[in-house]
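Spelled out, the chains give:
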Amino acid sequence: MADHMDSTTPRRLTRRDVLMAAGVGLVLGVGSLAVPRRYLRMPQQAQVFVDKVAHYEMEIAGSILRGIQELGVSPDELKGKRILLKPNLVETASGAPHINTHPLVLRGTIEAFLRLGAAAVMVAEGPGHRRDTLAVYEESGLADVLTEDHIPFHDLNYITGYELPNAGRQSQMKTLTFPALFKEVDWIVSVAKMKTHHMAGVTLSMKNLFGVMPGIYYGWPKNVLHHAGIENSILDINATLKPNFAIVDGIVGMEGDGPIMGDPKKVGVLVMGRNLAAVDATCCRIMGIDPYKVSYLERADKWLGPLGEASIDQRGESLASVRTNFQLLDEIPAHQGIRLG
Amino acid sequence: MLLRSPQLNEVVTVLESRAVPEGGFCPRSGEPFRSDSTAWGVLALSLLGPVHSLLGGARDKLITAQDSEGMLSVSQEHEEAFWPTSLAVLAWNGSQLHETYWKRSVLYLLKTTGQHRSRIPGEPAGHDPSIHGWPWIRGTHSWIEPTVLAVIALKVTGYGQHDRTREAIRMILNRQLPHGGWNYGNTLVFGRELHPMPESAGAALTALAGEVAPAQVARSLDYLHGEVDRLRTPISLGWALLGLGAWGQWPSNGLALVERCLANQSRYGAYDTSALGVLVLGACAGGASGRHPFLDKPNSVAASMLQ
Numbered sequence: 043m044a045d046h047m048d049s050t051t052p053r054r055l056t057r058r059d060v061l062m063a064a065g066v067g068l069v070l071g072v073g074s075l076a077v078p079r080r081y082l083r084m085p086q087q088a089q090v091f092v093d094k095v096a097h098y099e100m101e102i103a104g105s106i107l108r109g110i111q112e113l114g115v116s117p118d119e120l121k122g123k124r125i126l127l128k129p130n131l132v133e134t135a136s137g138a139p140h141i142n143t144h145p146l147v148l149r150g151t152i153e154a155f156l157r158l159g160a161a162a163v164m165v166a167e168g169p170g171h172r173r174d175t176l177a178v179y180e181e182s183g184l185a186d187v188l189t190e191d192h193i194p195f196h197d198l199n200y201i202t203g204y205e206l207p208n209a210g211r212q213s214q215m216k217t218l219t220f221p222a223l224f225k226e227v228d229w230i231v232s233v234a235k236m237k238t239h240h241m242a243g244v245t246l247s248m249k250n251l252f253g254v255m256p257g258i259y260y261g262w263p264k265n266v267l268h269h270a271g272i273e274n275s276i277l278d279i280n281a282t283l284k285p286n287f288a289i290v291d292g293i294v295g296m297e298g299d300g301p302i303m304g305d306p307k308k309v310g311v312l313v314m315g316r317n318l319a320a321v322d323a324t325c326c327r328i329m330g331i332d333p334y335k336v337s338y339l340e341r342a343d344k345w346l347g348p349l350g351e352a353s354i355d356q357r358g359e360s361l362a363s364v365r366t367n368f369q370l371l372d373e374i375p376a377h378q379g380i381r382l383g
Numbered sequence: 008m009l010l011r012s013p014q015l016n017e018v019v020t021v022l023e024s025r026a027v028p029e030g031g032f033c034p035r036s037g038e039p040f041r042s043d044s045t046a047w048g049v050l051a052l053s054l055l056g057p058v059h060s061l062l063g064g065a066r067d068k069l070i071t072a073q074d075s076e077g078m079l080s081v082s083q084e085h086e087e088a089f090w091p092t093s094l095a096v097l098a099w100n101g102s103q104l105h106e107t108y109w110k111r112s113v114l115y116l117l118k119t120t121g122q123h124r125s126r127i128p129g130e131p132a133g134h135d136p137s138i139h140g141w142p143w144i145r146g147t148h149s150w151i152e153p154t155v156l157a158v159i160a161l162k163v164t165g166y167g168q169h170d171r172t173r174e175a176i177r178m179i180l181n182r183q184l185p186h187g188g189w190n191y192g193n194t195l196v197f198g199r200e201l202h203p204m205p206e207s208a209g210a211a212l213t214a215l216a217g218e219v220a221p222a223q224v225a226r227s228l229d230y231l232h233g234e235v236d237r238l239r240t241p242i243s244l245g246w247a248l249l250g251l252g253a254w255g256q257w258p259s260n261g262l263a264l265v266e267r268c269l270a271n272q273s274r275y276g277a278y279d280t281s282a283l284g285v286l287v288l289g290a291c292a293g294g295a296s297g298r299h300p301f302l303d304k305p306n307s308v309a310a311s312m313l314q
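Residue numbers (this note's numbering), protein chains in the order written: chain X, 43 to 383; chain H, 8 to 314.
Same shape as in the complex, but just chain H (with noise of 0.2 Å):
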């Protein structure tokens, strides 16, 4: 039992409750089925045990998202927002049952990236756009949180040292803000640079972890510690316990700001699945666990199909 404070426990019956009869998990009560919904619910419900009784049921459903070449869409109607491919991937981790899925859509992240370019002379944004990582969307860009998620998946499946994977991390060290820090994944624009941004940088760390030397993020680390105290929303705070906790520096006062941020569903309203596993994750990534959702050992079947 990782969950450790009663309002945690809350935010467990809350995802139980957003549970759909035919399986997975819906963004809020009363919607349908989503596959990020699903995922990050799978996430946060397998801190409380390796299985619980709606796992089985929302990793199955996850596989009807799935198509032939291993993408996953966030609808049928947007089959080129294929952003969750990742997350599935990371909730099929450790399932042996589901070796088959995330195997595939490991492989179609591997073969998969966004629109990229040499760099033109003179162009007003200060990032290397020929480094590639993982676009939101078919046929844009490849940003941040995208690439992230794919990085990680590929690290807890066993592809941390594949060519994508390497490459990858080089695109989200470049797209590091001089000051510290991460956004979206611009770094300047006609050489002013621009804001970070909690959630991106913690992100950003939480796949630099173990893969970088820690003077190549200290100035990010710093942005991150000097900004969490003052977080109060779920994604921003989530990511940024993930990827303080990653770097073995989870705040000391980590829970006492998830439960404020729990509070603040007053203010806010009811958060949805996705941004309560975030925040479920960020909770557990540090502190008396002493293990990150993120960090454990790749997956002992990974394959060795690509390497």
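Next comes chain X alone, as it looks inside the complex (with noise of 0.2 Å):
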């Protein structure tokens, strides 16, 4: 599990991270011990997979089984498990699917974890904007994908929490509050939709992560967050949960003003990977779009994982075969100066 986010797993310093923990302990003047955390926490080399699926009756689960293989996931760490499917269901609009993860890449995902011997494979979701959970459910078409597949489907809004301590400390939260349900799973799986966003920037795996915060704790839509900080808290959650597998629909994406009201942008891409971050970045770059410009993909860096293009290794097809700018727009501030160069 050589890419596997890990917080303890040793890695040789470069001289970049010399050069910025020696900044920081200059700055505070109290030397080494000064210097925050996360310069001292070990940047992985992460691997990337990148499918072309043209579109969604195509055989989604394949793609994934392949990209699983070629990500080294070995049978063991999947027998016998249970998965949680975590994906971008927010709210629903006629005509415009591409706001939540399209039903079959997550009846691909499903099979592919039954198929590589998962014991259950369930689908948990808290969105963001609706209180009616089962309402974004139904009328994103999930719910007739998994009742005829035998799926359950967990509200995260209304279930009871856990605490742990906020492991990231981007924010001021000293604790997060978690689904107990997510103690009774050994993995847990982003599956994003890959999407601009009008304040982030870009909303993929990591972002997604937000659905997991129950809403009777964290209010409609999720306003603890934002008061924390969006990006303080989108660190905060991934490196508190720690995920453990990312996969973020591009079939068809949201670009313009997402991640409500921007318009469908065909790419024909499944991004997959075991550390959020790279695979945030790859999403980026196939976007057009410069992940160091994104502000919270420019702190996980060499933290919650690797950005560079160096450090990724990069599996199935090429960035550069599967570029497709999305639409930045002016009046965004989050979009401005992004553009991958």
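Please keep in mind that the hints were generated in silico from the structure rather than gathered at the bench. Every residue, glycine too, gets a C-beta built ideally from N, C-alpha and C. Don't take each hint at face value.
Okay, the calculated beta carbon distance ranges per label pair [said to hold, decoys possible]:
1. X:Ser136 x H:Leu195: 29 to 37 Å
2. H:Glu76 x X:His97: 56 to 64 Å
3. X:Lys121 x H:Ser137: 42 to 50 Å
4. X:Gln214 x H:Asp236: 39 to 47 Å
5. H:Arg124 x X:Tyr334: 28 to 36 Å
Which stretches of chain H does chain X cover? Using the computed rule of at least three CB atoms under 8 Å from a CB of chain X, they are [unchecked claim]:
6. 73–85
7. 137–150
8. 179–189
9. 197–209
Taking the hints as your guide, dock the two standalone chains into a single complex.
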């Protein structure tokens, strides 16, 4: 699991790390003990798999199986395990299926994990905008798929939670409360949507995890996290939860005024990997966006995972063959200056 | 007896099964007491009649969740999540034995609000953030549903003319979408009108009934009428029926919609106690009963302590 996010895994310090750590120490004037922990954590090489999937009627399970194998996930890691898939279900609107992770991507993911020996696969979500999670579940088309496949769905918004110390410590939140259901699963997989975002720049596998925070504790629209800082919260949730895998639905993404009001963008890819920051950096490059210009990703670099192309072992399709610039809007500050050169 | 179908009577049996031994209700079988589940359970069972055997114990159990200032949170570990306070007021309302407690919670509501500030020219959000309402969670901005719940709680306890209630009604109106309906509380962002949501629209219309002219919410009523037939889930349908019923427009097929929604538990799994409670109240918000759960005359024991 060379690329699995693990803050305790030793790694050779790069010259940039040393310079940054020294710089921070000098600024603070108290020596190396004052260096933020994130600079002392070891970034890893990461592997990311990109597959062309032209439309949702194609064999998505086969694509995900190829990805999992290319990424070196061994059968023992999945055999007998309970897998929780966290899609991106936000809200629904007529004619806008590109708001949410497509149900057939969930179906393909479920099939892939079951074929690899998972004991159980479930889907769980706590939408940030709607209190009626079941309505989003129904109207997104996911209920049809999961009912037919006999796969359970869990509403995370009203579920009782358990607290963990905030391992990210980017915000003022001392603890984070996750659904108690998470204590019963072995793998958490972010099954996100490839979208621009009018506050965060992009929403991909890391931002998708806002939806695991129960609404009964965080409100709608998860306003506690906004007050704590969207970027801080993204980093805190990811650092604390440590999800195991990410799959991003870029078959049809969203450009422009995402994550709700944007236009569909056909890209025809699935992107997956163990390291969410690396997966999201790769998605950015596919979208024609510089991941280092997306603030929360830049802050995640060499902490939650690598962003640099040299640190990401790109498997499957080349980025050049799938790059499709997403529309960025002049009136949205988070879109300014993030275009990949 | 306000419930008029075998399926609704089955709901009562389910709610009774969610009672916990020490009093109150849990979200789902086998889970511990929770304040929001208890309040919705009380509100739903109250519609059976005035003295269901579980009501007294459930209302008493809510007292144990109330702090000295009158606040109730969703859990002891999250005292900042105080949104169940309004629900508790509604659950205690009408019970002379619990007058002290709802008054205390009303006082808490009247002195509590969200984070507000003046509007900044050119900011992306379309609503006026200076108008006070109530937040879900202490220290955050005010949003539609917690404000609606507080307004309803204040109205039924006799505080409908209080300055806070009047300002909150202005806040709800300010968050109405230009083409009708409400969502969680944002109208436009970067100049684009956001999507309405039935549960938010129904809740807002419930709070505004009797407070504003029909013309001010005509588009929202049209929106909800256009949505209600397709609603299959309890929170959306329950609040839509409450909202339409509050304006005397409960649909003629309302009971059939409720029964279809209940039957959908074979598809979604058993609904939690709060969702069932909302649905039961929506079912009783119009039609033959002619009585709306949230539009009773204000409590006769309403205090004049702050007016």
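Right, here's what the structure says about each hint:
1. X:Ser136 x H:Leu195: 29 to 37 Å: Between serine 136 of chain X and leucine 195 of chain H, where Cβ atoms are some 19 Å apart, the hint is violated.
2. H:Glu76 x X:His97: 56 to 64 Å: 57 Å, holds
3. X:Lys121 x H:Ser137: 42 to 50 Å: Violated - the Cβ-Cβ distance for lysine 121 of chain X and serine 137 of chain H, about 57 Å, lies outside 42 to 50 Å.
4. X:Gln214 x H:Asp236: 39 to 47 Å: 46 Å, holds
5. H:Arg124 x X:Tyr334: 28 to 36 Å: 33 Å, holds
6. 73–85: holds (count 4)
7. 137–150: holds (count 7)
8. 179–189: violated (count 0)
9. 197–209: holds (count 9)
Hint check: violations occur at hints 1, 3, 8; the rest are consistent with the structure.
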